[in-house]
Amino acid sequence: MQLTLAVHPITDIQFGTRLSLDGSALTVDGEELHRLVLEDAAIDNVAFDIVRPGESCRAGPIFDVVEPRAKADGGSDFPGIIGAPTTAGMGTTHVLAGAAVSVLAEMSPDPSRSATGRVLEMSGSATAGSAYSKLCHLLVVPQTKPGLPRSTVLKAYRVASVKVAVHLARAALAQAPASTQTFEPIGAEDKSREGLSRVVYIGQIFSRQRKPAVDEPIIYGTNTDGMLPVILHPDEWLDGALVPSLNSWFGGTETYFYQNHPVVLDLYRRHQAREINFVGTVATVAGNDNVDRVRQCHAAANLAKWNLRADGAVMTKYGGGLPHADLSETARLLEHMGIKTAVMVSDVARDRRVESALLFNVPEVNAIVYNGGNGTEYEIPKAARVIAAKPELAALLAGPMTIDANNIIGVTNQQGASRMRSLVY
Amino acid sequence: MKIVYYVNQFFGGIGAEEHAGAPLEFRDGALGPAKLFEQLMGNDATVTMTIVCGDNHAVEHQDQVTAAVLDKVRASGADLVAAGPCFDAGRYGMAAGAICSAIQRELGIPAITAMHVENPGVDLFREELHIVDSGISIAKMRDIVATMAKLGKKLVARQPVGLPAEEGYISRGLLRDQLGDKTAATRMIDMLIAKMDGEKFDSEMLPNAFAPVPMPARIKDMSKAKLMVITDGGLVPKGNPDKIEGTAATRWGAYNIAGSDDLRSEDYEVSHGGYDTRFVQDDPDRLVPLDALRELEKSGVIGKLHEEFLSTCGRSNPLSNTRRLGREMVEKIKRDGVDAVILTST
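Top to bottom, those sequences are chains C and G. Take 350 as the starting number for the first sequence in the numbering used here and just add one per residue. Take 13 as the starting number for the second sequence in the numbering used here and just add one per residue.
The set of hints was computed from the structure by calculation and includes no laboratory data. Some clues are possibly wrong.
[Said to hold, decoys possible] List time: in silico SDA-like cross-link candidates among lysine to any residue, alpha-carbon distance up to 20 Å:
1) K207(G) / E684(C)
2) K207(G) / D660(C)
3) K207(G) / A464(C)
4) K560(C) / T259(G)
The following block holds chain C by itself, in its conformation from the complex (with noise of 0.2 Å):
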């Protein structure tokens, strides 16, 4: 099993009549893209734009981001979801490094946590902690059908996400990359790294505190009811195997930082330099109760055990609040297996107050990163351009106001990619 990255640099999106990859400056056809997205019956029109880094421009709520990436030799796209579900993670894929795919969703969320959603910027200070505001996006505006079940209307966003993002790497499959990228095999036994402690990364994928979905795809197209921790080789991460839940776009998992895991390239190239045996993944599900929380944890760290055979696991989470429990409870029996640990949090601390900080208190769980952004807002000014998917939230997302760091799109982010920590004073 290995990857090929062919990495195709972008730098610019523009449309025009036909869909080509001129060195680094992509065109694309609108009217083609119009036909590939409402092949789906549940979408009635749909528009597009495109933002580039720097602009005076907002887009939002963003229901996800995709890394436009497409699979030579007829091999599976997003398999499971477009392509058959076959294994991710093997031969090449072409991959339009700086540019991404970005799905604008119609609906105003939850009033509760949010009023704008996460929103895209382009320019100015709410941009140093979003990678995302560096790229150059397509924006997908759908109009699904009226009445729709939401969840079929996030399916459509879904499906739409990663066609169109399919779609425009195929313009780079006959083309030579400016570099490739592949990875150091993992897993063989390899007896020039005895002595290199062997690591492994567990993460959640997904949260049983909301019921997925029927056709919800997560995993190779399913669902993850009922679901057992499983192995992934780590490029089936990269390459396509995963998308996140259909809603989970407060919850700071993106499809894009599936493609370029932080995590998991970190881990590779730790594992390049010979400064630590990486021997593979395990991606688990966070319970909804008692019971099913002892069972996912309890076999997580079993298959890091007894299969990976793991001297050291980092671990992250999905989703808000109760899947701590579920991170630290995993932490704590593979450490008394003997496997040190550290694990990655999210800022639950509203008050700001170190006693808030935490949702668990175990002791051999002393390792933990934890990710900021209850304490930030940022002051962003009225935007030369703004594109949402109703004409009420374009309204909203104008500008000047007042927005959280969680509700940038990018800035809070779970997958490994935020630098935004919180401190302790």
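Following the hints, complete the assembly by docking chain G onto the known chain C.
The following block gives chain G in isolation, referenced to the frame of chain C:
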């Protein structure tokens, strides 16, 4: 820069413990540690007044002392107030903390003090004040006062204050955000590698130690006890009359269940966005088990179920808020003569 300084009877030169009852005095100029502070603050700094008070007097008459100090400091035009170092002298720490805190809060004048981390004044005032970590050794006086002076200058200039380890103050137990160079992923892997290698690593957050809650006396006869149900699962009557927020609720409600044996789904809704609420929507008794408790009541296992249940939403709720909600609920529980409470969570 004008400075007002507070010291106790010992550092004010009146005397030791036998003079702890000494009354509040306002003296012109610098006295005791205030002289050193003045010198270390630089040429443009003058301690215009030193306040001296016996520790017992300050603690026993805290309100009067604070009011008198506020009047004097307000009139003084001070740019900064400093107090201590108090080391491990508990009453001195509490008095210095109370005075600094009142001045900062009421007059908007920055204040700086110093104490040993175990001084009870630290627990009371750490969140509001910059308290330099003095340790317990008076021999370190010069270093401590130098740290106070350095930090005091920053406070007067409204410059950003660094972290406790950089600036020498005791952690205030607060959080602030910072955008760093390293991603969370890199920091986490750095931490794991250091931990596996047996090297020192700094967790970005440490677990809290909470004071244990003492176990109440057992109820000797449940068949005579009055029971109440409280839930943080957000069950509210249809329409959510008290507007209990579905995240970080600031309110709670009391809802009448007298004469009812069963909570009907058409009468209730759930204001909580953090769990799978379908089972509760279908049958609210699964969160507030009225049906089961009525059976226990009828069969005499419990004396009486209280005529109201209490409800709030626990989702993403900081402790400073939930403590208040809890205290308010406890007042009601006591008022209503409830003997035992069943807490249901989600």
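Here's how the hints hold up against the structure:
| no. | hint | in the structure |
| --- | --- | --- |
| 1 | K207(G) / E684(C) | 12 Å, holds |
| 2 | K207(G) / D660(C) | 11 Å, holds |
| 3 | K207(G) / A464(C) | 41 Å, violated |
| 4 | K560(C) / T259(G) | 19 Å, holds |
This entry does not satisfy hint 3, going by the numbered hints stated previously; all others are met.
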